[in-house]
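Could you build all of it, start to finish, from the sequences and the hints given here?
Same order as they appear, the protein sequences are chains A and B.
The opening residue of the first sequence carries number 230 in my numbering; numbering runs sequentially from there.
The opening residue of the second sequence carries number 11 in my numbering; numbering runs sequentially from there.
Hints are computed from structural coordinates only; laboratory data are not their basis.
Treat the hints with care, since some could be wrong.
Under the rule of at most 30 Å between Cα atoms (straight-line distance), these lysine-lysine pairs were calculated in the BS3-like manner [said to hold, decoys possible]:
id, chain 1, residue 1, chain 2, residue 2
1, B, Lys88, A, Lys274
2, A, Lys274, B, Lys78
3, B, Lys88, A, Lys231
4, A, Lys231, A, Lys274
Here the structure is a predicted model, which means the values were calculated and not measured.
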Amino acid sequence: RKEVEQDPGPFNVPEGATVAFNCTYSNSASQSFFWYRQDCRKEPKLLMSVYSSGNEDGRFTAQLNRASQYISLLIRDSKLSDSATYLCVVTSYGQNFVFGPGTRLSVLP
Amino acid sequence: DAGVIQSPRHEVTEMGQEVTLRCKPISGHDYLFWYRQTMMRGLELLIYFNNNVPIDDSGMPEDRFSAKMPNASFSTLKIQPSEPRDSAVYFCASSLSASNNEQFFGPGTRLTVL
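Written out as structure tokens, the structure reads:
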């Protein structure tokens, strides 16, 4: 089993839709969690960290479920500019980032 | 700050040739990472340095790959000899600390080995 797994894409949604991605991780000792965004032919960039109590940043909401070992990302009122690949990242103490394979999102006009 | 700088941005070479990729991290960042990204395998960590010292190179695919960090502002990833299966985008990233700080990525080097 891979350390970090994500929903297979692509997700094709209309503008204004709400879309959710899930990510599961295998290491129960994992401590830090992030969502990165990668535009086509560009480098990954941090979208948001994921905190135990869940957190929101504008239209984006991240949730963590330690018991079930998954994190989620919810995008509300999706925009054309949200089209990208979303990478789930998990780290453990003393270990480095493990990136998931990514989920591709296309927001259609 | 200009961010993480990588060169060259594109490299096309023939099988068997030596390839050297270069990276300048963000000033003040203690950690430097080299990643490889392909469609098949996604983003893979190859090696990372802390204060110029290699900490974990378990992701380096084989002896043909080597990385150095002679000082805090420069690192190289070398492939010798190169093979077609090395074709990928190679990213360098830097961060202030290890596992709980944002990693800042460079624009990547797109390597094609013919």
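Results of checking the hints against the structure:
{"no.": "1", "hint": "B/Lys88 to A/Lys274", "result": "holds (25 Å)"}
{"no.": "2", "hint": "A/Lys274 to B/Lys78", "result": "holds (25 Å)"}
{"no.": "3", "hint": "B/Lys88 to A/Lys231", "result": "holds (28 Å)"}
{"no.": "4", "hint": "A/Lys231 to A/Lys274", "result": "holds (22 Å)"}
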